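To convert, note that position 560 of the sequence shown is 560 in our numbering; the numbers rise steadily by one, no gaps.
I should point out that these hints are in silico values taken from the structure, not numbers from a laboratory.
Here the structure is a predicted model, which is why all the values come from computation and not from measurement.
Some hints could be false.
[Claimed, not checked] With a straight-line Cα cutoff of 27 Å, these simulated BS3-like cross-link-like pairs (lysine-lysine) come out: (1) Lys851 - Lys902; (2) Lys431 - Lys447; (3) Lys591 - Lys602; (4) Lys773 - Lys231; (5) Lys793 - Lys835; (6) Lys447 - Lys552; (7) Lys552 - Lys456; (8) Lys21 - Lys7; (9) Lys407 - Lys463; (10) Lys729 - Lys821; (11) Lys343 - Lys9; (12) Lys594 - Lys615; (13) Lys9 - Lys244; (14) Lys699 - Lys825; (15) Lys304 - Lys244; (16) Lys754 - Lys729; (17) Lys463 - Lys231; (18) Lys594 - Lys463; (19) Lys851 - Lys835; (20) Lys793 - Lys754; (21) Lys696 - Lys821; (22) Lys7 - Lys240; (23) Lys729 - Lys708; (24) Lys826 - Lys793; (25) Lys176 - Lys21; (26) Lys343 - Lys447; (27) Lys361 - Lys343; (28) Lys361 - Lys400; (29) Lys615 - Lys231; (30) Lys7 - Lys361; (31) Lys431 - Lys244; (32) Lys602 - Lys495; (33) Lys495 - Lys400; (34) Lys304 - Lys231.
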Amino acid sequence: MSSANEKVKDLLEVRSFNALKDFHSVPSATLETYRFTDITAGLMASWLDSVSRAGAGHGSKKALAGYRGVGKSHFLAAFGAILANPDLRGNLTDSHVATSASGLLRRRYPVATVLRGTRDTLFEEVRAAVALSLGLPSGQAPNDLSALLELAASEAGDMPFVILIDTAFDRKARVKRDDGVFLGELAAASSLHDIFIGVALDDDITDADGTNSVIVQQYTIDYLEQEHLYKIVDAHIFPKIRTKNQVVDQAYEYFREVLPDFRFSQERFSSLYPLHPLILEIAPVVRLYAPDFALLNFASEAGKRILGRPSRSLIGLDEVFDCVESTLRNDENLRDAFTVYDKISSEITSLVPVIQRLQAKLILKALFILSLEGDGVSSGEICAAILIYDENNPEEAISKVSELLEKLVTVFPDDFWRVGDESGDVRYSLKVSGKDNLNHALAAAIKEADTDSVPKVLKRAGKERYADWMLSPEKEAGSADWSDVQTIWRGSLRKIRLFWNWGNEEIDALRMLGDDSAVDLFVVICGPGTTPEGGVATGIPAVIWQPAELTKGEIDTILRYSVLLQNEEIRVEFQDQIGAAGHTHTVAVEKIWKRAFLHDPKITVGDLDLPIPEKIAGETSLGSLLSLLLAPVFDEAYADHPVFVEPLGMREVSTLVSDLFSGARVGHQTVQHLAETFALPLGLVSERGENLVLEKEEKLFSLHLVEKVLTLIGQSEEETVPLDTVYRKLRERPYGLAREAQHLILSALVAQGKIEFVTSKGDRINRRSLDLKIIWDDISGISKPQNVLYGSKRLTEWARLISEVEGLQSIDIADDRRRAKVAFKKWLKDWEAEKLLEKFDSIDSDDLNTKIWNIAINAEKTFGVVQKSLSAFFEEAISLEEALQRIADAFSDSEAEFEARKTDLMAVAGFIEWSDLRGRVINYLSVCEYLGDETIDGKRERIEALLIEGLSKPGLASVGELESAFEDFRRGYAEAFAAAHNRVVNAHDIEEKVDEILASDEWWEFSNLARMPIFGQDHFERACKIVRRLRGMKCVTNVQERIYERPFCDCSFRIRNADEWHLMPKELIAAMLQGSDSYKRTLSNASEVLAPLLESLSANSKDDAMRKAAESAIKKITAKGDSAMFDTLELQQLNRACEMIRKSPAVKAGFPNVPDLATSAELRDRLDSWASELPSHPIQINIR
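Using the sequences and the hints given, assemble the complete structure.
In structure tokens form, the structure reads like this:
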């Protein structure tokens, strides 16, 4: 089958989408219907992290910008639902969001949802929302903003109070007021408190009046790009059949071939298919006039109707018009436009041939929708919008549409806008209400407008799109402006210097504006169509980013937008229309910016062209866009740069230097992960044993990058080589290392004792100081080490201290050297077998305090060096003298320091042993019961005190004290428990009482009544349960030995229940009597049914004894007051009657007497007791 003959239904699935209107009423539904994409998941995680990091006195202020209908309200409501409903966090399906949500406190955050448009002022709306969140009547909330926020923060306690501001979904009109100023005041006032503010920036806040300048200064603005809607449509509305993707691609290629103005990318077409891509672009403007237009819901419903159409069909603008026509007709601003539309629609039949009338009506509908944008539309764009084409002659179709539009303009000259330019491009638009006069005013104003405002507007559009676009729109249009942007390439942080060079000055003149020593790349934005003069002398690559040439229509649109921003006369005269006009022009300017800067620019570096692929054009930050775009430039320039799978920042550098290179915490899991991720790709570490450790000297010094550093030092005539010189050298091709990686290489050389850091004050940092935090801004250079070399005599003394070999005279004597080596090898073997520091690292951090932590760090910094140095010696990486030299340095060549650190090591060993003992003690005590014995409970309290003291007094002494106290307690506890146990378990008096009860007539009657089919088993089961417990009071365990090992017996005995055992025979009697009484009352209630049955049994019985038994049974169940006990024959007759009861009429039962006043618990008990006395057999009961 040809792909053209396939149906839409063959290519995809259409899924329903239940669009919510009110996102705040049902939080679970809000979260359930929210569809996360990678864009919104990252954004949501960022907002949640901001709340998690919020602390007292410094809240956070965030704003969410984006087109109408892009999903800001749903995002904000979902964010609030996660915060205010901890039980819903477990339902989050996106792992990124769930991870951030797990960082929140496991409590309900106080959230005030402010709905703009519900009251006269935004302050009143904030006041009402805060009062509602705090459970206060609105009138009792403070009428002062500072006092209101102070109250909210104080009521929130240790949590941030969250204020979310959105526009009310059910408002009947746009919010016509200036809320930007108050939002700035709110942000300033909240900075004194722990308050998080999140704002959805609707166009009636951020329109052309410029009030968003206040918001930009106070809020971190995130932009919710339409890109995520493409992903939702593709994944959740129109999931494609993967094997049919080729058919969708063929449809795209077909439309591109037959529709010259079908300018949409293949990626976006494929994501949205069968939704026309233009609908997503026009949707924000449609939402301006039809706020209830839900794009995703519309796509789902329209998709169901298109399933039977050919694959080369799309959901078009005519269906959008049909969907929103009734809503648009109710808008006062569009009344004149619909008058024009209706007039043209009614007369179109006389203007066009019959065969073209349907097409003409489609054109009219599309023209109406596109006219809302205010920028007009060409004939070719109309054809592309509603798929009017001629396969054999595409231009012919456009020509016919032009003829129709020209005819309409001729017949209805007062109802159309027709604008042409020097290129011959003609754009058409219906006149939309009061826009007519405003358009005339704007058209007149732009004739006098300064074209220098065009680059200012473009710069402003870039800043509004990217939060990290720091180029200011306030600079003079022709002057240079620059800012730095951070990007990531191969895991290294790269600094890009972005120049705004619209006037095309020399680049070398531009780079003089700031220090470029850490800059990796220049990106120069030049005016369209020209090339900047001059080159770059520093050797830093320069990328030229030239936006596409703007058309006359685009320039006019930008100028109109500029006039809307700055012309006060127009703003005053048309104040009611400024908001809507500002929104449509903002949308139009952004489209122009995207086309010029992202879709059609010319980006070059040397002879290399860098087109921006569609998949990265939607990046939400300039840094991420440039990271992906410039990767080929960095790949070519720095081909030998290692690949880090994670970003390398200064935090990672600091950890590796202070913990790995210093030897302080080599085996720690985090340190090893960082070593594998960053130090290993640089060649600075290798695997020895179970850990990655600093590479051997000869291998480290042979690395090409290390050779560069050592050559600099060797050839330098100065004692110190400036750090800037080193930076430039290591940044050269083909490695191009960023400063973070350079710092790792230099620190590794310091750790090996090959170089030392020199500070700006002349101080030196050698390998002994690497465990301290290095302030890199204080480092001015590097130099050869100023080593203090120890003589053979001093090194021998250190060999004697470490080896503990008696009579060691000199390491220069062969036999002494041999004996020392044997002792060192044993020391290493014992060290590695004991794994002291590894055991310490495995202790739960909750069991540690600062004191023992510092003791362990000191021990690891010193004895860790001993281990590393001796290992390096035996691996023949260094000489014995060098190993002893490093050991002496580690202890500052001080015997006192050695003894102090040896004491620390013993304290660590003691703490490890104490920690293990502590765990066993806590586990034992957690199960122990309090005995009420002052002596034993006092011993327990002593142990608990020792557990606390041990944290501050680590050592073997505290281990012995705790162990002795624990042993003493266990012996006493075991003896006391065994004594109490034996007084109850195997007690003959209790067993005799049970036997007596079970042999009684009362038990015999009770057990026989319980077997009758009309009775429930609750009473009998209760009694049997007591019997089973009492029968189980036998234990053959040696209790005292068992309790010594674990503080509980295998039997069911517990100290807290000891007294209950002696009362259980009485409980058994009470259960038996209560059950018998209940059974007999039930028989009495059912007597009207049972008596006739018993009479029948009596009359039909041939056995005189059985006849008399039936008669006596009747007397007993109908007797008033306490009933006598039944004998065997009476019970047999009652049982037969009960078997027959299912064929009898309804049993009558009186409702229990209930006092006029009773608690709910009393009523429940009375009713439960009455219900339990009703027959359990399935018969009808007549309540009297």
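Going through the hints against the structure:
no.	hint	result
1	Lys851 - Lys902	16 Å, holds
2	Lys431 - Lys447	21 Å, holds
3	Lys591 - Lys602	17 Å, holds
4	Lys773 - Lys231	45 Å, violated
5	Lys793 - Lys835	32 Å, violated
6	Lys447 - Lys552	12 Å, holds
7	Lys552 - Lys456	17 Å, holds
8	Lys21 - Lys7	33 Å, violated
9	Lys407 - Lys463	43 Å, violated
10	Lys729 - Lys821	42 Å, violated
11	Lys343 - Lys9	38 Å, violated
12	Lys594 - Lys615	14 Å, holds
13	Lys9 - Lys244	11 Å, holds
14	Lys699 - Lys825	24 Å, holds
15	Lys304 - Lys244	18 Å, holds
16	Lys754 - Lys729	18 Å, holds
17	Lys463 - Lys231	25 Å, holds
18	Lys594 - Lys463	13 Å, holds
19	Lys851 - Lys835	21 Å, holds
20	Lys793 - Lys754	24 Å, holds
21	Lys696 - Lys821	20 Å, holds
22	Lys7 - Lys240	13 Å, holds
23	Lys729 - Lys708	7 Å, holds
24	Lys826 - Lys793	23 Å, holds
25	Lys176 - Lys21	22 Å, holds
26	Lys343 - Lys447	33 Å, violated
27	Lys361 - Lys343	12 Å, holds
28	Lys361 - Lys400	14 Å, holds
29	Lys615 - Lys231	11 Å, holds
30	Lys7 - Lys361	25 Å, holds
31	Lys431 - Lys244	43 Å, violated
32	Lys602 - Lys495	22 Å, holds
33	Lys495 - Lys400	54 Å, violated
34	Lys304 - Lys231	19 Å, holds
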